[in-house]
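Trainee: Now for the letters of each chain:
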Amino acid sequence: MSKPKVGFYWCASCGGCEESVVDLAEAILDVTAAVDFVFFPVAMDFKRSDVEAMADGAMAACMINGAIRSSEQRAMAKLLRRKAQILIAYGACSHQGGIPGLANLFDRQSILQTVYRDTPSTVNPGDIRPEASTRIPHGEVELPVLDEQVKSLDQVVPVDYYIPGCAPPVQLLKDALAAILTGRLPPKGSVLAPDKALCEQCPRAPSKPDNLLIDQFKRPHLERIDPEKCLLAQGFLCLGPATRGGCGWACINANMPCTGCLGPVSRTRDYGGAAMSALASLVNSNDEAQIAAMLETIVDPAGTFYRYGLPASLLFARAGANADKGGHEP
Amino acid sequence: MIRQIHEPSRIGVYVCHCGMNIAAKVDVEDVRAFARSLPNVVVAKTYKFMCSDPGQEMIRKDIQEHDLNRVVVASCSPLLHEHTFRRACAAAGMNPFHLQMANIREQVSWVTPDCALATRKARALIHAAVRRVADHYPLAKERVNVHPAILVVGGGIAGIHAALVLANAGKKVYLVEREPSIGGHMAQLDKTFPTLDCSACILTPRMSQIRTHPNITLWTYAEIEEVAGFAGNFKVKVRHKPRYVKEELCVGCGECVSACVFKEGRVRDEFNQGLSKRKPIYMPFPQATPNVAVIDPQSCLKIMRGKCAMKCVEACPRAAIDFEQREEHTDIEVGAIILATGYRTFDARKIPEYGYGRFPNVYTMLEVERLVNAAGPTGGDITLRDGARPQTVGIIHCVGSRDRRHHPYCSNVCCMASLKMAHLVKERTGAEVFNFYIDMRATFKGYEEFYDQVLREGVQFIRGRVAEVTDWAIRPAEKGKLVIRVEDTLVGVVRRIPVDMVVLATAMEPQEDAAAVQRKFNISCSQDGFFLERHPKLGPVSTFSDGIFLAGVCQGPKDIPASVAQAGAAAAEALCLVDKGFVEIEPNTAFIDEAACSGCRTCIPLCPFQAITRDAVKGVAVINQALCKGCGTCVAACPSGAAGQNMFTDAQIYDEIEGVLADV
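First to last, the sequence lines map onto chains A and B. Using our numbering, the letters of the first sequence correspond one by one to residues 1 to 330. Using our numbering, the letters of the second sequence correspond one by one to residues 1 to 664.
Excised from the complex, chain B in its bound form (with noise of 0.2 Å):
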């Protein structure tokens, strides 16, 4: 399998400044003298940006006049160009793989403060590179063909937006919600800022969209439960939970719901926050997509005890109510993922100072959003919960966010939430507003606008972190109201304001669960918690796992604007994969060499990725290329040498040791 080589090496070494990056550290010169000085090596030379294009065609050049069959470079780290190196080596006929970088940039220039020391260091990794290098022999990369099908994990704006544009690009798509509906966070908003768009109104066509489409698969109420395979290739099984109700007979009629032997509502509604109850058969909300009904087992009678009148059942007129549905899977195979999780909101409990859950009036933005819309539990009336209307209210920003207690970061969307709020509360209550912000961040399109506007309007604004909200009162003005107390940044005074209503603008934060899909998916986490994209300015979409792409909230607080401009782009990245057709697969797999392999059979469990079987006939080990990631395992455990990997032989990997030490 290790081709042997039979040319004689003729390598060239390239040693790069990266402007002053390595140059101020390494003597770039006298490396280079040594490189010239080794064996093998017919040309070393050094230049100011190797990656640059006349530092490509130098390499070009010299493959050429030289006759060079292996190339060496030392400069940065191989992640940053090992592609352009390859590609320069390839356009002069050289097989890319007789490529090696020694990195003495990160790993000699930036860590080494010792002119000396890193020179030394410099010429030690380049020795080893070089000694490395003749033992290469050419690779290919491999193609496998991509399946075409894209799975969207979310149904919120962000998944919505991206199932449509890759549907409408022809693909066939999985939007896969775990909730009974689609829509995510954006179907319990009212307007959106800084437009004042109303939310349903712009989403709801969308959801319908979806329901639809030709291309989408939707399926809510449902939930990855296994992932394997590689971009191009995953093979994903669904998990579909029982919802009691026959989802292709059911029109949301909801004469279930009306006939349900619970008169009225038992259960907290989620989706209006808990402002209002639900009965344990209910339509998630009216626009609810699909629109289907939902039975809880949670609450339902005849499921947690067995006995019911079932009027349901009776009432419904299709016979769409089906309590032996179990949950069920399905498996299937798709070419990308896109993952739009989404987000949940900080739990105010955990700052108890503000009271929520101990003063009924004190809310969270999005039980306000509630409160404010036509479909919620007050009918669009911005009530207390003892059903008087609040002369004065007061939002307060950063609740959870760039708070060292809880999240350091920035929620990005609550300053415009709370400027959007104070308007509706203002054009529907006439209340007097203040706002209690520590900056106010109004960046985008329109948002700055949008702040002078609610300036403009007689918003009050009150620079600083509030210490307490209470219900304490000192003064007669205060008395039966809630007491914002605030130290006024700007002038510089502890003040106290009395409200009626205090609305928590909460923290935007990772999904409970987000560790559990982050492995799930193979991906990574920042250190707050959201998923970690490829690269913060150049793969703000990608993540490390190939053909895993995020969009919407999961991946860092953002807004609807900023949710749906980067659906579009993870959906640009999937399409870009699929309508490729093939993916390229780097050629440091293992493999087993059948001549001198026994059979012992120590590899076939190790083997993370389940690549290796056993051929019974003739009795050897076989790896799956096209499953096989190149983590060396088996390699490493083989105890007769029979399996050996791409890139990491054993020749290459001990001349590579002994070029370093060469010197030592």
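Isolated chain A (complex conformation) (with noise of 0.2 Å):
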């Protein structure tokens, strides 16, 4: 009997998420052994054509990092999504939009007008900008459109699983590799990793006092970071309370705080706005003009708080579009 098929693909990501292929080391002879990629473009040479080829459904399982913000992504998303019987968003930016969702705070055009024309390493006398088509002597080029806003995967085509983290942490993707093998996975929907905020289990969680209240929110490149104590109570913003556990506590373990690249756990409905009002509730005053002298210290809040979820959040959601109930173009 032939291995199941698998693929793996790329839309708008960094490579992170390849790289969180290849940490699984030696464990991923065990998945060659198991399964056939027969679609991974940063790995083995394959064509659209092959995959546009094959049978509706044809692989058992593709896995898709990356956001969707050009009509390339959405068309190889609805093409994938085809060929595929589970389609898993790996990854913050396929999950909830990641990085580049950070892309929504502006629109399409001062975007491009940024890159474009105003970095001071921008050299483009002509104002040039990239056409959805462009006549060249051997004849017509085409490039992809960029979209005028970046969306999660979930937002472009109905998504079985997600597998969250930036990268997703090795454990995660081999636990779904062993669900998809043996077929034992949660209801559809449902993001493969645990639905507790990473708190949970804290090595630092002992040094977490019960009435913690917070006097100066601090940062991790100003400050010299005790290595034992929990991070929110010296004042950093350590985002573990709102982030789903999963990771290992990596970054903790690291003595950074959490920035939430997990995203939210399933009963949230906004990662951003569940963080802020629980860090501001935190905050050691009554007094409202201390309270937004305080508030004021936080440097970026939406790059904060939306750092890998802006697209996925209700900023970005209309009354009867439900991002969480698959509200997927159609």
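Careful: at least some of the hints might be erroneous.
[To be verified] Which stretches of chain B does chain A cover? Using the computed rule of at least three CB atoms under 8 Å from a CB of chain A, they are:
| id | stretch |
| --- | --- |
| 1 | 597 to 609 |
| 2 | 642 to 655 |
[What the hints assert, rightly or not] Pairs of lysine-lysine residues, derived as DSSO-like cross-links and limited to a Cα-Cα distance of at most 30 Å, are as follows:
| id | chain 1 | residue 1 | chain 2 | residue 2 |
| --- | --- | --- | --- | --- |
| 3 | B | Lys172 | B | Lys141 |
| 4 | B | Lys307 | B | Lys246 |
| 5 | B | Lys241 | B | Lys311 |
| 6 | A | Lys229 | B | Lys618 |
| 7 | A | Lys174 | B | Lys241 |
What the hints contain is simulated information worked out from the structure, not anything from laboratory work. Glycine residues also receive a C-beta, built at the ideal position from the N, C-alpha and C atoms.
With the hints as a guide, bring the two chains together.
Mentor: Written out as structure tokens, the structure reads:
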């Protein structure tokens, strides 16, 4: 009997997700023994036409990392959705929009203007911009069109499972592969990671006071960080209370606060909102001006609280269109 | 924790006309048809008064006939009729918390002038309610046992009466009074209108009943420090001020007072309104209850300077004097609290044109009460400061009341008190008495008759607000007198009435610390600063805090009969609560989903009721359901959605929002 066929594709991503596959190390041998990779552009030479030639549902599973922000990515997402029995959003960008999703704070025009005109390193005397189609002596060439907004994968096609993280922790990938191979998968729509916040069993939890109130927000690169004590209790914006666990406290163990890459737990509708209301609750003051001054010290709140999930947040929701419930494009 | 709904929703929607209250602005038939078109709505009806028996019956029948499992009533505010419709649903076998109300009266028809817009708004609210009600799950009110004891704060006539009623009903009562004796203002009065009963004669038997009643613990010279808990289970900390005399030993013989190194009184005697002086060790007044001496630390040499011959200690035959006494605290648990904290009188100095504090012979009503009283500073002789008897007396009504500069309200008792005083002065001194009034208010039983009697006795009544009291004589007859200048509005002339004595009927106003007491007991004040009743007509002795009731003037100016009646009502309400034995707590409490809680502790310091603790073994937060008031603070703050709130789950709120916005 032939092995299950598996695909692994990237959209608007940095390549870190592919690295997480490499991080499987020798375990990758077990994976290749168990499955056949039929599409894996970063590692193997397959063409889009190879995928198009497959029968619908030919792949047992396909993982897509990266956000969706161009016509090509959208087309590939739809194509792979058709060819895969199980479609998995792999990594923070695919799951929630990720770092590229912060582009949604700006419109497409100003992004293109920044990149093709305004940055100091840009030399573009003709103010040339990418065009959907360009005539050259050899004929007509096409470029993918940049979308107005960055989207998470499930805002474009129905997604069966999510493997969160930036990049996903190796253990989550291993567990997910084992679940797929044994068919022991949770209900569709699940995030394949624990559904409790990171604080649970955090190695630093014992040092967190029951009545924690924060007098001053600190930034990790400006302070000496106590390697044992709860980071929030030290005043660092550790987003562990709002963030799904499953990373093995990788950042915490490296003496850095959690930045929230695994995204919210299943019960939270808006990650940034939840994190902000929790942190704002800890401000140790009842004086409005003092509270405002303290919150003012949080540099780049959008980039802090929505770093990995702006497109999936309520800020981009519309009444009736509900990302959680699979409100994808037709 | 949030129960999943397995049965499909079968919703009935009931749109109330509320007579013309709703139907005049909202096209109820259009709204009904719209509701019927919504998913899961099985039946939608309108009715003239949904809250009426036939309206409720309609809902009951429909629940059974159409097998409804959710009901939406679009009518008035849930404050008014949520209970009504919950009962109707429960009567038909449906969980009462499967009801949702859409307020299309207060929030729509009464505030939206445009009919089309009002109708559209009503549709949106009903859409929201229909969406939300599908997420409702069965809930039940929880019962919590009630502590059977009752706390009465304030030992004036209202507090005394409430305490006696409760104690006679067999309840344990704590009566806490901050002064050294109970009795309040009534103990200072000489006679009471309109029957002219001797105030002390009718009050003091009650005071001694308080003292001896086996069910009453009386703590005088004590104040409430802290109040925690909730209806049925209040935890109260009482602060006992040191009186430096052992209450259990002192028999009130007064030997200590006579022996004090001060031979004469030195300090303003509060009970006599400063018309006499008392010593640092003193008996509050002759019938004080408890009849125990008290030492004023502000004037006692031993306490102030540590040096004194301490003749009082020598003189006391029972060794009751104890300079080592310190402030003490007692913690008590009670099921209900009655506030009867009384009032203070308006400071007449705030109306300088009446000359109080400038002219020695301008008195307040309460001062003259002490002058009239046989136990007062003059032994009942109504005399001026120089000892002379007044030949003419002017009583000015509404001093500080019905006055936009001070208190716009009517103090309710001053007309009658002034009539009574006019009668007493005339009776005792034969002086000519003038009453200066704006309107005479003599509205209760026997009052008008008393007014009539005083008129017949020859007391003069001049209608007009007094402009000024002056000693500037412009006529020989005014020499050495106080002249009251007033426009006599019945005659239409400005008059000058020379008198020997002026009596100011000062307003009743909230106690100086009423706002602090209000915060301590978590109740509300009305605009005038008196404690606010729950409903002016239907909840006159209740407050917005369950289990806390009001009696006497702390709720608003009133006379003794009204205070006593209100105290009885408050006692009955309190009795109702503690005799029932339990309170039902609305199930809108917050809860922690243990399987979801990461133990991040964000919620713990936020709870204003200290209801959240951390279970160190499980590593999760735990909410004490009996302490939770359902404020939702923890729910909003929980960053991982582990804290939820019954009746306000995320799903319910989101669905409600989506329903409201569906048409937008």
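Trainee: Would you mind marking each hint as holding or not holding in the structure?
Mentor: Status of the hints after comparison with the structure:
| no. | hint | verdict |
| --- | --- | --- |
| 1 | 597 to 609 | holds (count 9) |
| 2 | 642 to 655 | holds (count 3) |
| 3 | Lys172(B) to Lys141(B) | 28 Å, holds |
| 4 | Lys307(B) to Lys246(B) | 21 Å, holds |
| 5 | Lys241(B) to Lys311(B) | 23 Å, holds |
| 6 | Lys229(A) to Lys618(B) | 21 Å, holds |
| 7 | Lys174(A) to Lys241(B) | 71 Å, violated |
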